[in-house]
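S.K.: The numbering used here applies: residue 827 is where the sequence shown begins, and numbers increase by one.
These are calculated hints, taken from the structure and not from any lab test. As the structure is a computational prediction, the values presented were derived from the model and not from experiment. Take these hints with a grain of salt, some might be off.
What the hints assert, rightly or not - What follows is a set of in silico ranges between Cβ atoms, one per label pair, in the way DEER data are often shown:
| id | residue 1 | residue 2 | range |
| --- | --- | --- | --- |
| 1 | L876 | D935 | 33 to 43 Å |
| 2 | A972 | R832 | 31 to 41 Å |
| 3 | E960 | P851 | 23 to 33 Å |
Even for Gly, the Cβ is constructed at its ideal location relative to N, Cα and C.
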Amino acid sequence: MSGAPRIEMLAVEEARKVAVEHEIPARMAELCIFRVLLRNPPLARRVNDLLLTLLFRGSLDPRLRELVIMRLGWQTRSSYEWTQHWRVALELGVPEQDLLAVRAWRDSDRFSDADRAVLQATDETVADGVISPETFSLCERHVGGAPALLELVAAIGTWRMISSILRSLEVPLEDGVAPWPPDGVGPVG
């Protein structure tokens, strides 16, 4: 990825101004992804609303959500997604060893049945665009009722979309942020 995105980012101050005008928290405008998305304020607003709903107003267990996002970041080779959510997951109390184990989760003994169900659902969605009936049944058993299941599917789809936006537009990491924490090792390919 080059150092500059394919669509020029707004300057931080301009991005904050546009964000506030469109009822997006000013702190979001500091993120490179929003400095690009705010070139289309209605789109940025809808993306922001969806992300904030899934992050702060949801019923899906935050650990499961972050495992999904970390796996998506790894599977889709999105350094931005992996790097941003590395910090989020750690702040939520997900152990660093669990985050690293997401890279090869099938070979790890660190994950519960619920963790494994959502990681399998994530991999299937990345590979095939759909969660298989067998895996969905596991998610029903381990993740919770309809609200949590809907959020699981929405989280996988949303962060898959975000990964595509980030990679297609070549959105860089914020200044001073090292890629692929904690060891700088990203997926091959």
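S.K.: Now, for every hint given, state plainly whether the structure supports it.
M.R.: Evaluation of the provided hints:
At about 34 Å, the beta-carbon gap between L876 and D935 stays in the expected band of 33 to 43 Å. For the hinted restraint 31 to 41 Å between A972 and R832, the CB-CB distance of approximately 39 Å keeps it satisfied. Distance hint check for E960 and P851: the Cβ-Cβ separation is about 40 Å, which falls outside the suggested range of 23 to 33 Å.
When each numbered hint is compared with the structure, a violation occurs for hint 3 only.
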